[in-house]
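S.K.: So the chains spell out like this:
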Amino acid sequence: MNLDSKSPAGPIDKKWESHQFEMKLVNPANKRKHTIIVVGTGLAGASAAAAMGELGYNVLSFCYQDSPRRAHSIAAQGGINAAKNYQNDGDSVFRLFYDTVKGGDFRARESNVHRLAEISVKIIDQCVAQGVPFAREYGGLLSNRSFGGAQVSRTFYARGQTGQQLLIGAYQAMERQVAAGTVKAYSRHEMLELVVIDGIARGIVTRDMVTGKIESWSADAVVLATGGYGNVFYLSTNAKGCNTTAIWRAYKKGAAFANPCYTQIHPTCIPVSGDHQSKLTLMSESLRNDGRVWVPLKKGDKRAPDQIPEAERDYYLERKYPSYGNLAPRDISSRAAKQVCDEGRGVGETGFGVYLDFSDAIKRLSEAKVAEKYGNLFEMYERITGENPYKVPMRIYPAIHYTMGGLWVDYNLQSTIPGLHVIGEANFSDHGANRLGASALMQGLADGYFILPYTIGHYLVTAKPGKVSTDHPEFKKAEAEVAARSSHFLGMKGKRTVDSFHKELGKIMWEYCGMARTEAGLKKALELIPKLREEFHKNLNVLGTADEMNQSLEKAGRVSDFFELAELMCRDALERRESCGGHFREEFQDEGEAKRDDANFSHVAAWEYTGDDKAPKRNIEPLNFEYVHLQTRSYK
Amino acid sequence: MKLKLNVWRQKNGASQGQFVSYDANDVSKDMSFLEMLDVLNEELMGKGQDPIAFDHDCREGICGMCSMVINGRPHGPQKNTTACQLHMRQFNDGDEITIEPWRAKAFPVVKDLAVDRSALDRIIQAGGYVSVSTGNAPDGNAIPIPKQNADRAFDAAACIGCGACVAACPNASAMLFTSAKIAHLALLPQGQPERMDRVLKMVAAMDALDFGGCTNHGECEAACPKGISLENIALMNRDFLKASLGKRPERAASGD
Numbered sequence: 001m002n003l004d005s006k007s008p009a010g011p012i013d014k015k016w017e018s019h020q021f022e023m024k025l026v027n028p029a030n031k032r033k034h035t036i037i038v039v040g041t042g043l044a045g046a047s048a049a050a051a052m053g054e055l056g057y058n059v060l061s062f063c064y065q066d067s068p069r070r071a072h073s074i075a076a077q078g079g080i081n082a083a084k085n086y087q088n089d090g091d092s093v094f095r096l097f098y099d100t101v102k103g104g105d106f107r108a109r110e111s112n113v114h115r116l117a118e119i120s121v122k123i124i125d126q127c128v129a130q131g132v133p134f135a136r137e138y139g140g141l142l143s144n145r146s147f148g149g150a151q152v153s154r155t156f157y158a159r160g161q162t163g164q165q166l167l168i169g170a171y172q173a174m175e176r177q178v179a180a181g182t183v184k185a186y187s188r189h190e191m192l193e194l195v196v197i198d199g200i201a202r203g204i205v206t207r208d209m210v211t212g213k214i215e216s217w218s219a220d221a222v223v224l225a226t227g228g229y230g231n232v233f234y235l236s237t238n239a240k241g242c243n244t245t246a247i248w249r250a251y252k253k254g255a256a257f258a259n260p261c262y263t264q265i266h267p268t269c270i271p272v273s274g275d276h277q278s279k280l281t282l283m284s285e286s287l288r289n290d291g292r293v294w295v296p297l298k299k300g301d302k303r304a305p306d307q308i309p310e311a312e313r314d315y316y317l318e319r320k321y322p323s324y325g326n327l328a329p330r331d332i333s334s335r336a337a338k339q340v341c342d343e344g345r346g347v348g349e350t351g352f353g354v355y356l357d358f359s360d361a362i363k364r365l366s367e368a369k370v371a372e373k374y375g376n377l378f379e380m381y382e383r384i385t386g387e388n389p390y391k392v393p394m395r396i397y398p399a400i401h402y403t404m405g406g407l408w409v410d411y412n413l414q415s416t417i418p419g420l421h422v423i424g425e426a427n428f429s430d431h432g433a434n435r436l437g438a439s440a441l442m443q444g445l446a447d448g449y450f451i452l453p454y455t456i457g458h459y460l461v462t463a464k465p466g467k468v469s470t471d472h473p474e475f476k477k478a479e480a481e482v483a484a485r486s487s488h489f490l491g492m493k494g495k496r497t498v499d500s501f502h503k504e505l506g507k508i509m510w511e512y513c514g515m516a517r518t519e520a521g522l523k524k525a526l527e528l529i530p531k532l533r534e535e536f537h538k539n540l541n542v543l544g545t546a547d548e549m550n551q552s553l554e555k556a557g558r559v560s561d562f563f564e565l566a567e568l569m570c571r572d573a574l575e576r577r578e579s580c581g582g583h584f585r586e587e588f589q590d591e592g593e594a595k596r597d598d599a600n601f602s603h604v605a606a607w608e609y610t611g612d613d614k615a616p617k618r619n620i621e622p623l624n625f626e627y628v629h630l631q632t633r634s635y636k
Numbered sequence: 001m002k003l004k005l006n007v008w009r010q011k012n013g014a015s016q017g018q019f020v021s022y023d024a025n026d027v028s029k030d031m032s033f034l035e036m037l038d039v040l041n042e043e044l045m046g047k048g049q050d051p052i053a054f055d056h057d058c059r060e061g062i063c064g065m066c067s068m069v070i071n072g073r074p075h076g077p078q079k080n081t082t083a084c085q086l087h088m089r090q091f092n093d094g095d096e097i098t099i100e101p102w103r104a105k106a107f108p109v110v111k112d113l114a115v116d117r118s119a120l121d122r123i124i125q126a127g128g129y130v131s132v133s134t135g136n137a138p139d140g141n142a143i144p145i146p147k148q149n150a151d152r153a154f155d156a157a158a159c160i161g162c163g164a165c166v167a168a169c170p171n172a173s174a175m176l177f178t179s180a181k182i183a184h185l186a187l188l189p190q191g192q193p194e195r196m197d198r199v200l201k202m203v204a205a206m207d208a209l210d211f212g213g214c215t216n217h218g219e220c221e222a223a224c225p226k227g228i229s230l231e232n233i234a235l236m237n238r239d240f241l242k243a244s245l246g247k248r249p250e251r252a253a254s255g256d
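Protein chains in written order, with the working numbering: chain A, 1 to 636; chain B, 1 to 256.
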């Protein structure tokens, strides 16, 4: 497998500029001759559909929800980074680039990251122009706040609902194109297969989730913007419908899957309350601007928080990482929380929780000011737990939140399948082994508004894909495969529901491929998962038919793909014998801090599918760090 | 807790629906409303019965997908709370709970509790945006916006597009939804160039989509899980009046 990143030559701050000139353009009058499929309508998908529609391309947009505005980007809370340096505190494009590469624990491609930092400033401008109601200072200019892993205030935000407002901006831009006729939007349509003809991505097969109809769609290029695969753990901060199917199907058709074991655990989520738990709710990282994280100093201290005097509290993030304190990056903060809970100093009924305390902030700023910054988050917390965070400290615990792994893409965001482009969280992206807060929103919009519209034109001119009809046998074959899978799930008439398998898979993954991984644990998981998967394919109980709305059938397909992905993740975690970012191997650490092995693992692991019952092949893209020199990532 | 649930079941858009009763046993007060339904669905499937279909996704009160009328109130009894954020500690042992889909001509039922709300997308398509193509924008700080305007615009922009307002309204009017978007953009400098045009087009679209008219019941604001204010309807009405009075005929295309 040839993993040519196609990074342009030249100094890093000139690569994108020169590339934009080097890339071929599609004549304005010719754009309308091309049809492009975009699957997913989150920040990346909606912005890409809008931008390509504005340019004059014909776009077919698909999402599984009842409207494009439901994509899970809507739930992102804290903010979006940009190197504007409005706060005059030392920010710059180079510093954002540097912080992101370092934050990614030196496992990202430098050229992609620098481009991201360059584009970040334009994103803010575009969103403001769309009417996104970012927070403003009294003088009328944009506000900023700090986020984890940064010592500058470069995050733009809209209260605790930044993702919502950015997505609504992109959704509105997309709906303008729907009205203009350049974008056709198909809601309640789930992509279940990628169609590849003569090695080139030529279209998709979808299932209409209301009627069950299986349909083929052909296009000149296919774009996947289908988000992350955190739901392989069952419990995550993802929406219930989020899944890996689109990118997994692409993987099985030849798209390399990079670094699947790089999963991000967010340190501040509301803890699990019982077996019925269906998802975990994020409490934005922005809260760590003002909240202080602590646990009792002594093991087994079960006193109410207001009964524990200052001297008997361990503000462990401030103690361990003085220069970043409560704003230490996510992977580091999550492991620190796990460590204190494993020591028996956790809080709450289950002992799996730490305090995020706002009493100092409330004293310093006033309750009204704290409400202004975080109002909706505090309300959300109270609704879910019944506790008032203005009066008692919030209880939080780490949870799966984001996946840095995804389909491998080159500098043009194209996968190893010509014609198949991948954007947003669905690609293995620019975050390396750990994503900094407020950079997912930045990456999704950078990919969709400012990168893909250029690179897709270049693909269309250089590859000249031509037209293909959905009558082509490959489409018919794909439709038959999709129908066969449905029949298989419906036909088993076993004893266990999809959710029961999903929960069990999730527990295995959280236990053995979660925050801390070991060789023995990963090997154990690689025994347990295939066994459970085998049972899944024999003992599943899915009622109803395929020709109606059937939510169990939908889930069955997604969980089936999660089973296969889970194995790949464990394999990837096993092979990567080092710790970096979100991938922590207990065997490779320095007193709780991740210990990288740059000599042997400074590369991307891009997995290649070789068949259902065969081991996948591990290909390598070496990573060179010319501008941000390899160093131990310290936040002390 | 033990609860009795009366749930609307409907096979599809073409079928008649009806209420069916179920017993929910062993409901924990820490469960969310939807988790209670998940547990019920697992039981039903175990007995070979078709599970209840309902829309949901984020389960955090922000995507707007969950849409059930609980004891006659869209999203249930707790103020400013979506159905997915409603937790069972709001109910008591022995309670009887009626669960139905949004009821509106413009929202046809798809199955059981799930409805088709694409009419809301069509209102947005009619003008709920600023016509600025990508790459065109001036610097983010080029136009200062008074903080209170930005805050008011945010309050209106916080609408999650769930349609509870339509479901609560005796006329099934979409005024609150439409006015929230109109107000959001009317309060910002970026929305000014198209402000008059936008209100006329969006109201026309709303009317054409089988929503009812507004007779100032105020049920919408009371049901809205995000606290969207009736003030937005007032702003929309003012803009509509101004736009209607000031409307100039379309410029005829000159062709030779």
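Take these hints with a grain of salt, some might be off.
[Claimed, not checked] Chain B is faced by these chain A residues, among others (derived, beta-carbon under 10 Å): (1) T35; (2) G241; (3) S273; (4) R577.
[To be verified] Just so you have them, the derived chain A footprint on chain B, three or more residues with Cβ under 8 Å: (5) 73-84; (6) 109-122; (7) 207-220.
The set of hints was computed from the structure by calculation and includes no laboratory data. Just so we're clear, the structure is a prediction, and the values are computed from it rather than from any experiment. C-beta atoms are modelled at their ideal positions from N, C-alpha and C, and glycine is treated no differently.
S.K.: Give me the numbers of the hints this structure contradicts, sorted from smallest to largest.
M.R.: Per hint list: 1, 4, 7 violated.
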